[in-house]
Structure formats: structure tokens, C-alpha cells
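Engineer: Read off the chains here:
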Amino acid sequence: MMIDNPYVPIKTGILDVIDETSTIKTFSLVPDKPLHFKAGQFIEMTVPGMGEAPFTPSSSPYDKSKLEVTIMKAGRVTGRIHELKKGDVVGLRGPYGKEYPLNEFEGKEILLVGGGVGLAPLRALFLALAHDIDKYKDVLFCCGSRTPSDIIFKDCILDKWQKLDKRVNFRVTVDKKDDQWKGKEGLVTTTLDNLKINLKNSVAVVCGPPIMMKFTTFKLIEVGYKEDQIYLSMEKNMSCGIGKCGHCRMGDYYACKDGPVFRYDKISNIHEIWD
Amino acid sequence: MDTYFINRPNLDRLAKSLSRTYRVYVPVKSEGNRSYKKVGDAGLVDAIIGEIRPTETIKSFYFPARTKVSEYFPGNLPEKKDRPVAIIGAKSCDLASLAVMDYVFKQDTFKDPFYIAKRDEGLIISSDCTCYGESCFCVAIGVMPYPTVEFDINLSEIESGYVAEVGSDKGEKVIKEYSKLFQTVGHYLEKKEANRKKLKDELVEHVKLKDIPAKDSIQGLFKKKFDANLWEETVKTCVECGACNVICPACHCFVLKDQKKDGAFERLRLWDSCLLLSFAMVAGGANPRKLLAQRLRNRFDKKFNFFPEKVGKFGCTGCGRCTEACPGKIDIREVLSNLAK
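So the sequence lines, in the order shown, correspond to chains A and B.
Residue numbering for the first sequence follows this note's numbering, beginning at 1 and increasing consecutively.
Residue numbering for the second sequence follows this note's numbering, beginning at 276 and increasing consecutively.
Check before you lean on any hint, since a few could be wrong.
[Said to hold, decoys possible] Simulated crosslink set (EDC-like; lysine to aspartate or glutamate; CA at most 16 Å straight-line): (1) B:565 <-> A:275; (2) B:577 <-> A:252; (3) A:11 <-> A:32; (4) B:386 <-> A:4; (5) A:135 <-> A:106; (6) B:565 <-> A:106; (7) B:381 <-> A:4.
The set of hints was computed from the structure by calculation and includes no laboratory data.
Please read these numbers as outputs of a predicted model, since none were measured by experiment.
Given these sequences and hints, build the entire structure.
Structural biologist: Rendered as C-alpha cells:
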């Protein structure tokens, strides 16, 4: 008898498709077999007959009825995913990799810094934190997007989540404002000026495009965070998702198996991590 | 473990008998090129049990270049029972690479059922090298020109036959089942040790010419030379063909590719090459190893830094195939030697 075949995708229905921006959509998915992830873990999504790509779910890990992934049109597979409609069938494998270590976050002031579609994994994390908000001291969520029309989860970020709890606060910025935008203009790193956080009792979580991750991390170090207080979600080419195919290796780690969530001190001496 | 003697006609009989249970492969030589050939009714007539490793590695038997891993949905493949593979005449460098392959596909967190089935059901009757190739350098990195691990039975060529050493319970069972074919080993044992020592000494002398640093220093030297311009220098003649990956017994990287076939969807596991530009590139275009020099360095990083860290062994067994295959004449021994310069 063969052991479990880890390459097999679970048949999954698309329950709904939400347009977030002109290049980003959120897909609500219901797999035939339950697939429960923890915030920060990723799944491999199959477009039947075409290929797979890795995504970190953006929905609450406590929502067992469905799973959402928020996907930017960036390549061959994601281009095809964007053509999919409600009722279409895809495949899922996973969840894979290491999640955010929520138990290490307890009692702390948590700083989330997200850029663009990098806000997607942070949404899952934010919803997990909000679910047990009494366990944490407070949460400051810094959100950066290119322009106001590039902001994803708009209703949540600009409205709903802001009213959630007094321990939850937001700093939202856009790189370039338009006529309607009344908020802050500037790169996401500018939201890290004048932090009213007790750094000794804080952790920072960063997710976004490579260049944003790099400069945000450097800024966090500059404002006084230690390397072991910073958590990064590394985006690498993950084909198998299970530490075999070799593509996502970073030094002694595979991003798929040992990450995608890494504490910065574990990877800060590895070459080529920011590209 | 126990040791016996088997003469050539009896080895031929053994191979033919094993063909009932296994698909039996042996090295053969044609126009100077060695490859594996399936044993048929003619038995071992053109088999080369001694000499050196064939050009092709044994990894294809356990991790073929193309494997269908799923047909979805639902996804699992019908269990199809091929006869398992028995290899007669596998060489030490290839057996040593199995430590790396087993780590990746068998021992690490997730298991690969395709590799495991082929490995567990297979039989390996290995053999000592009786000469060395120009590109051979196994002894420089701790691999002997005779098998020390992973064989079920090993053959050491002596005059009219072979000293057969048992290496596993599976090997023991084969010898018991065909006990009539085996004799006591007698004085051949000393002869075998003398042959082994002679070839090893010759190979040590051959490798000395290449000035490869001591094996225990290689990982440290690699780390020191990570940022050196050695990689830009070395890569100048690389044409990014990936032959070194394909021909390497310890290169295991692959890519999953999906396709439509006869109205169904199937997933293939295909060998991939870390020298290719797209290897580490993500959909958005970011690529941690944009430069060919970075990709070449990555290959050495994996073999001489990553695997020593994970498995305690190099992801290189000194078989020299990559040196032979490289159209850019990149000699892995020279790269290792340059680490110390």
C-alpha cells in the first residue's frame, strides 16, 4: 500500500469572486475535503490542466466554512485564475509551512506592516488576532498601497476594522494620492515614524513586495526593533510546497517548509533574501 | 557480513533467475560509452561488471526524469505493479548519492511515495571499480572506489569470478535462495583487499594532481569564498544548459507541471535545473538568483554547504560526470581547488 501522495490536489469549488482592485481579486473557496490552515501558512492552488501557484489565505483561520485567497494577476497561472468565475473548479494542496507563532505574540503590542497584495496574509493574521484580542496588548496595523484605488479589503481597512476594538489602530497610507484621498500620502515606511509603542514588549510582522519588505525591515531596525522581534513572510518560487523540488531554498532553509514565516534573525545573514 | 564467491557463469544464472522477479539492469559499453541495459535472454554476455560507473546515473531508476504523480480529480493514480528494479554493477559513487536522495524523498518531513516504492522494492548488487576515469575524484571527498554503503550484495571482481559480500537482509535472502550458485570465499578475500588498496592508491595519486582541498575543509572554504569573484570567473564558459544537473547522481530538483491529456488533467514531476534563469524566479518577476554566477554558486552551495548541514554528507560523490558533460569545460575539481586559492 502506497503512503499518501502529497502531489494530489483536492477538488475545490469557487463560491465567490470579489474584485478588490483592477489587478487583485479575492476568491472564496470550498474544498471537497476540509483544509484548515493557520495564519501565515500557505496553500498550492491548481488551475486544472494548467498549473499550480502558492498563496497564503487571507481569510480568518477560524472560518471553517470557506477559505479565501487574494490574488494579484502577475504571471501565467494567476492570469488564468483571474478569468475564473463563481462555480468553477480548482484544486488545492496544503496547508504547508510554518504559521505566525501566535503564542509568542501574547501580551504584546503587535505591529503589522503590509504593502499591496502583501496585506492578504496579514488579513488572516489580523482576523486571528482580533478573534482573541484579549490575549494581546494591542495591535497597530500599518497599510500601504500604491494609490487609493489599489487598496484591497477597502471596507475593512478604511471602515469596519477601525471600529472593532479600542486596542486596534490603523495607519493607512498611499504612495500617491488622488483628489478624493483625505488620508496620508507616503511610502509605508513613513507610518513607522513616531511609533507610540513600548518596543521592549512588541513584535513587528511585515509582508509585501520584496523591496517594501527590505526597506520596512531596515526601518524597523532603525526605530529600535531587534532582529528577533521582526517576522517576515518570504515569497519564493515554491513548486512542490513540501521541501523536495529545491526551488525555494534560502541558505539552510526551504521557504516552503521552514517558512514562509521567518523570524528575521534566523535569515538576516542569508544572501539573496531580498530579491 | 558474510562473504562468498560466485563465478561468472553462476552470476549469469543469478541474473537470469532474478529477471523473473525484477527488471534487471547491467552496465554495458558501446563505442566507449557506458550505459545501463536490461538483462534479457542473453544474460550477462555484454555486461561490464567492473570498470567505472556508466555515464547515466542510477537515480533514473528511483527518480525518473518524468513521472506522472497525479491524475485529477480525484487525483490518486491506480496502483500499477511494475516489476521492481535490480541493478547489477552499480558503483560506489552512485550508491553514496543515495544518502542525499533518501534524505530528500524518504526521510525528510514529507515522503515521496513514488521514490519510496521504487527504492524499497529494488535490489542493488553493486561492484568495485576496477579502474578509474580521468574525471573521477571520489577519494578526494570521502567516497571509496568500492561500495561501502547501500548495497544488498557487492561484487569484487577476482580472476574468474567475484567475491560477493552481503550488505543487507535482502541480499542475504537472495544468496540463501540461490545458495547453489555461491561457493566459499577462501583465499580470494585477501586478493580482493589487495585489489582495492591498489586502485585506491592509484586514484589518490591521480586526484593529487588536481589539488583538491582536504574534504573536511571544503564547507568552510566555500563559505569564505561565497562573495569571491571565483564564481564570475568560473561561469564565463557556462552556457546554462543544465547538463551538470541532469547527469548528477545527487541533483534532485524537479518542477511540477500540469497538462490536459485525453480530457483529463495530469500532473508530472520533471527534472529541473538550478542553472536555468527561471529556477528561483517568482510570478512577479523577482529573482533571487538573476545572475548566472549566482546560480552556479548556488549549485555548489547546495552540494558543499546545504547537504553537509542537513545530511552530514556532500551532495557530490566525486563521480566526475559533470566535468565530462560540461560543454564549457567547467571542471568541478578545479572549482574545489580554487576555493583554497
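Engineer: It remains to establish, for every hint, whether it holds in the given structure.
Structural biologist: Evaluation of the provided hints:
1. Straight-line distance between C-alpha atoms of residue 565 of chain B and residue 275 of chain A comes to about 9 Å, which keeps the hinted pair within the 16 Å bound.
2. Note on residue 577 of chain B and residue 252 of chain A: the hinted pairing holds, with a Cα-Cα distance of about 9 Å set against a maximum of 16 Å.
3. Restraint check for residue 11 of chain A and residue 32 of chain A: the C-alpha separation of about 6 Å stays at or below 16 Å, so the hint holds.
4. For a cut-off of 16 Å, the pair hint linking residue 386 of chain B to residue 4 of chain A stands: about 8 Å separates their Cα positions.
5. Restraint check for residue 135 of chain A and residue 106 of chain A: the C-alpha separation of about 5 Å stays at or below 16 Å, so the hint holds.
6. A hinted pair counts as satisfied when its Cα atoms are at most 16 Å apart, and residue 565 of chain B with residue 106 of chain A does not qualify at roughly 40 Å.
7. Annotation: proposed proximity of residue 381 of chain B to residue 4 of chain A holds, straight-line Cα distance about 13 Å (limit 16 Å).
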